[in-house]
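Visitor: Single-letter residue listing:
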Amino acid sequence: MNGIFEVNYAAFSVFAALLITEIMGAVVLLVTWPARSKVLDYAIPVWEVTGTFGAFWVVTGVFAYPALLVPVASIFAPLLVVFLLLWVARSSSIAFSEFITKKGWLDDAKLFRAYAVSTIVSGLVVLVLLSSLVGGQGVDLASGSFSIISWVTPGNVVFVIGTLALGVGLAPVFFDLASLRRLVLPMACAGVVLSVLSYWLMSPGLLTPSMAVPVFLTLLTGVLYLWPRTVRVVTNKAIFLVVLSVIIFSLQPLVYPKVIGQALEVDAVTTAGAMADAFVSITLVGGLLLALMLVLYVRIATRGPSGPDVS
Amino acid sequence: MVFDPATMLLFVRFLFAFTIGSHILLVSTSIALVFLISVADFLSIRGHDPAYEALARRLTKVLVISFGVGTASGIVMAVELVGLFPSFMTLVASTGAIVLFYAEISAFFLEVLALVLYVYYWNAFKGRYTHWMVSLFVVAGTLASAVFITMVNAWMNTPAGFDATTFINSGFKTISGVQPYAAFFTASTVNQVFHVVVTTLLAGTMVIGSYFAYWYVKSRDATERTICSKALKILGITAVIAIVLAGISGSEQMGNLLLHQPLKYAALEANIVNGTNLPDRFFGTIVNGSYVGGFSVPGSQALLAGFETGVSALPGLNQFPSSQWPPLFVTTTFDLMIAGGIVVGLFLLVYFVALLTKKRPYESRRLLYLWIPAAVLAMVVYQLGWATDEVGRQPWIVYNVMTVAQAANTSEALLVPGILIVAFYLIVIPTTFYFYARIFQGSKAKESAVT
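Protein chains in written order, with the working numbering: chain A, 1 to 311; chain B, 1 to 451.
To be clear, the hints were calculated from the coordinates, so they are not data collected in a lab.
Quantities reported herein were computed from a predicted structural model and do not represent experimental measurements.
Using N, Cα and C, we set each Cβ at its ideal position, and we do this for glycine too.
Worth double-checking, as some hints may not be accurate.
[Unchecked claim] Stretch by stretch, here's where chain A covers chain B in the computed footprint (C-beta under 8 Å, at least three residues): (1) 63-69; (2) 94-102; (3) 179-191; (4) 248-254.
[As the list claims (entries may be wrong)] Here are the computed lysine-lysine pairs in the DSS-like style, where the Cα-Cα straight-line distance is at most 30 Å: (5) K110(A) x K38(A); (6) K218(B) x K233(B); (7) K218(B) x K237(A); (8) K358(B) x K258(A); (9) K233(B) x K358(B); (10) K233(B) x K38(A).
Working from the sequences, and respecting the hints, build out all of it.
Guide: Rendered as structure tokens:
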């Protein structure tokens, strides 16, 4: 049990859950434009929170693994630059699109589509990065470099396809799109099978009994959406986000105790001594503050009218 | 290899200076916006004033743009720091400086969640005052973020909380004696935070004010003019207070330099030789060990230093090896900063006198025209202040511990991403300010009730 790893991984789980739901929304925006109001009601307030959780994960990561900072940054430098440019495009396009009035060729629809495309592609970049952290393919630790050609292996490709299938399968649940409900179970099942297959292809040792938890929760979410009595529960965004965060959190055997294709022991590179104590203390204080703000957020968000009603 | 390491080091220096110089344009205006929105919202509730309410509501849209682009820019800068200065960031990650970053991200959470609640759930609160109080959390989160980041810079100026000797002697391999919280209370922290907060607010206030001054003069719509005049009222008073505090905190800052960064102090004051009854020198340059041109005020430096710190023996460059001197043009940037600050101060003095003697000074066309160059000057002064602070610490990135050359990554692989980042800022900054104006003006038709 490595408490510092757990905190950092918990931050990642929330960030990933938020990003995945944004990607689901982005797919819906591109595929069924008429359903945009359901997506935008969610995405417009939340995109700022997603970025903040991303930054939180990165800062806790730097704090937790100081020795890894430079090697990881240099290995993944090209991916990080691409991700940054996409992230800037995503943030700028949605921020501008909220309030823009049509002038010439530029309008909110074009900016929302730019947001959707940049969010999906930045999500793909994150998947490439994560799969290489898990399986190690494409990473050359000796030279400190990354090769996308070496990354293209059956395990990684199936990992990306499986994750996308899960996203497409669960999107109708999250946004309560009844017209797409037939997709839910087939796509969720396919996503689960492909994801499990990808872990096995990366390294059979990654498949532990605890993998039953994310598999069960994912399928349960899909099934509960098809049962009229429980639709309201699974389409509640706060509940869905908590469940998705738990699913991702329970996938931690993929990166603990060893990471990058079992080449690096996490405990060996975790900060220790006075810095570890400081990490725990500040996490407690910051976590309490964050929890209070989130409670207030959920209370207000579930009570009153939302949307950029500031005009 | 096309570029040698020395050229790449110059590129790295330029790239980060350009990035942070662009980023603080966004930061200073964001801080001023947050402050202005909160005050305008409060005044709208207290006085049932629809013009203040319209001002607050319209500015929140601008704030969302500012926040979105500013956050993206902040992430670019964070990644840039790791890529450009890896050895420095390794030291940061292993000492209390990372605790400051962690505290900063916690404050950022407060800011973002409060901002989302304040902007997107304006009508979901039971009382207007309750909603307004959320804006105080946005202000607190924004200020705390700025304070913690400034603390990192203070730590770079006066490092604390680790055994620097062991670190240097081990060739930057052994970091020991770590005291994580010492970075919160370095010798320069309080002075620097005070000075940075007020000057950031001043620069942002002046820039935002210049837009309202311009829009007041340009607009023929009475409603728009009312809103502009209300904004200028708040911004004018804020700027007057901020410049007084900037003067006081700047003087305190020099006293702190004298005590804790004597070499930087000597370079800024152009003290070639140490002494006791030294003059203040302005607008000259140091050439071959002599101060050439400009003018001096006999004894004034010693007088001010004695008043600030009680110290009578003032340091000179001759007390330090020339290899450790910063580029001596900092004496010029320092002089320009002070002169520019005095000019902005004179403008605000006129504004303040007009405020006391006239009923509506913010509606004087002459003062409004003058506000625009004064705002440009205020931002230039602000940027010069940062340039003086950073160049004045050279060659060190962490004072007396690690030089910029030792910290920097001089790989040619940085060229393409670096050029992309420069291009990004050249596009994003003007676009963002253009959108500020467009979005603010775009919703003007909706306040027809405002008188």
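Visitor: Checking each numbered hint in turn, tell me which of them this model violates, lowest number first.
Guide: 4, 7, 8 and 10
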